[in-house]
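The listed protein sequences derive, respectively, from chains A and B.
With the numbering used here, you'll find the first sequence wraps up at 233, consecutive numbering, no jumps.
With the numbering used here, you'll find the second sequence wraps up at 122, consecutive numbering, no jumps.
Read the hints as simulated data drawn from the structure, not as lab findings.
Just so you know, nobody snuck in bad clues.
Going by beta-carbon spacing under 8 Å, a handful of chain B positions derived as facing chain A:
#1 3
#2 43
#3 45
Straight-line alpha carbon distances no greater than 30 Å define the calculated DSSO-like cross-link-like pairs of lysine-lysine that follow:
#4 A:130 / A:109
#5 A:109 / B:43
#6 A:124 / A:73
#7 A:218 / B:43
#8 B:40 / A:220
If you want the ones that stay clear, here's a sample from chain B, every Cβ over 10 Å from chain A, calculated:
#9 74
#10 90
#11 119
Since the structure is predicted, the reported quantities are computational estimates derived from the model, not experimental observations.
Each residue gets a CB set at the ideal place from its N, CA and C atoms; glycine is no exception.
One letter stands for each residue in the lines below.
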Amino acid sequence: MSNIVEINNLTKKYANKTALDNVNLNIERGKVVGILGPNGSGKTTLIKILTGLLRQTSGEVLIDGNKVGVKTKSAVSYLPDRNFLYKWMRIEDASHMYKDFYTDFDEAKFNELLAFMNLNRSMKIDSLSKGMHEKLNLALVLSRNAKLYILDEPIAGVDPVARDQILDAIINNYNEDSSMIITTHLVRDMESMFDEVVFLKDGQIVLTGNAEALREEKAKQIEEIYKEIFGEG
Amino acid sequence: MEFNSNLPIYIQIMNLIKTKIASGELNGGDKLPSVREFSKEMKVNPNTIQRVYQELEREKLVFTQRGMGTFVTEDTDIIKNLKKDRAAELINQFFLDMGSLGFRIDAIKKMVSEWTNKEESI
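So that you can see chain B by itself, here it is in the shape it has in the complex (with noise of 0.2 Å):
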């Protein structure tokens, strides 16, 4: 993995493991990799993927089981309330991105009931 953008390493970690559990790769329960072989995977100090199941686990994302390792919560309302903050920070992101092309809200509304119609007609 390439960190290139100006996040902090751990944040970038976090929210690619945060992108596997909101579209389902990772399901509730399953078992994240041992700090050791994940800091391996991505090339990466463990002490930062120490970190960032520390983070993940304060937001109750993950727990950890002593002795067992990690795991992706098994609570269905923290995952749906993970995928709805996912799906506003794209929007946001979006709605950013259009307005630095110069686009008001209006335009940006037409826009897309247009692409939905289009979509929607395939």
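Next comes chain A alone, as it looks inside the complex (with noise of 0.2 Å):
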């Protein structure tokens, strides 16, 4: 089969709040796919659901098949929206602590990244500016094997340099048989990235598809489409 995920009715409600509402979403292998939405639509909810991090309360998630649990995890690299590495960490210490979590992890492609960006390893984490934090995260998760990258907002907040570094270094990891999953609200600097996007709004799907397609059949860039679906503010 040549889905890498498959989410079938998937609901998932807080307290008083649903967050997701009904999401069913098929994603490829080998494609690279873009969830818009502002914030508070659902899209950290959809990948903490993705990454094993919060159970759904109603629907099915499946990931290379399996559902979300111990063998999905070693086929994902997440990126989250916030730092996960010690303060007194050098990035040496950070290679090493991937190495021994993840099998996959690639010391090699990892240096080579770490070169492209910018840094080194004796830098330690405590003094790198937020650019340069989002650079490291983004290198230790491109440097696992992994069948499903999931980055979530990797240019949120990174000045236009580094920003550049990071859309290189995700066109560069790509390649055929694995999948990225990339959420974002900077539709304008991320757009040409995708081939597929979803929007979200309010835990629901209200639009989704090839992105070309979209584009040839509304006759705007995707950044136009992501106005009209949630107003200028």
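Given two chains presented individually in distinct reference frames, assemble the corresponding complex, making use of the accompanying hints.
Laid out in structure tokens, this is it:
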């Protein structure tokens, strides 16, 4: 089967709020999928369910044919939208940590990515700027040979130079055997990276499709469609 | 490159390459960048560049040699036709733009001949 992710009738309710409302989505192998929506639209909830950090209220989520669990965690490389490294560490220690945790961590690839990002192994985590943090985290995540990469807001709050490096690293890492899910609200900067886009509004998929087909059909770039759906505000 | 027209990205990139071939910036037999290099340069998904090359190949403007890469066609007739097509597109766009300013064909013709006379006298 060619789908890396299958989501059927997925609903997530918190005490008095429905964060995801009957979401259905299939993601093919080798595709880069953009999940687009403003803050609070359900993007991070969806990702946390895919990565096993949250349990759904109802519905089914399959990754590579398996229900989310121990087995799928090893297939998924996840970039959270916040820092996940200890402040006392050097990049060297972060590399060791990844090597210990993940059998698919490719240290040679990590060193290449570090050089590309203008980082080196002796730098201390707590001396890194926001952009450098984001570049380091992405380098770690992309250095795993995973089937599915999930990047939550990879360019939020970084300067234009770091942003370009991050986009280049994502393109370089692209290969036909693995898929990527990228959430963002910075649609203009990222829209040319996507094969497919999913617009998430108040926990529901309001529009989804091939990015080029949508541009053709609506005679608009994805950013314009985004503004239409979510309002200029 | 900023993709800000209303066209799909693959068509915008195709047009960019067509312009380069028509203007002679790319010559017959020149090698195009690999899909990966070009996608990095353009900052677009490699699948988009793959599509660009496929469509250009379908239009016989480029050809692929296995294991070697993608090359601009060496058929001069095809390049000549491409130039004609691009010129026709420009003229068409010119008339559309002039039309939207309210000029009729006769007025446009007059303005064009005045303009060419002025150019010739320089």
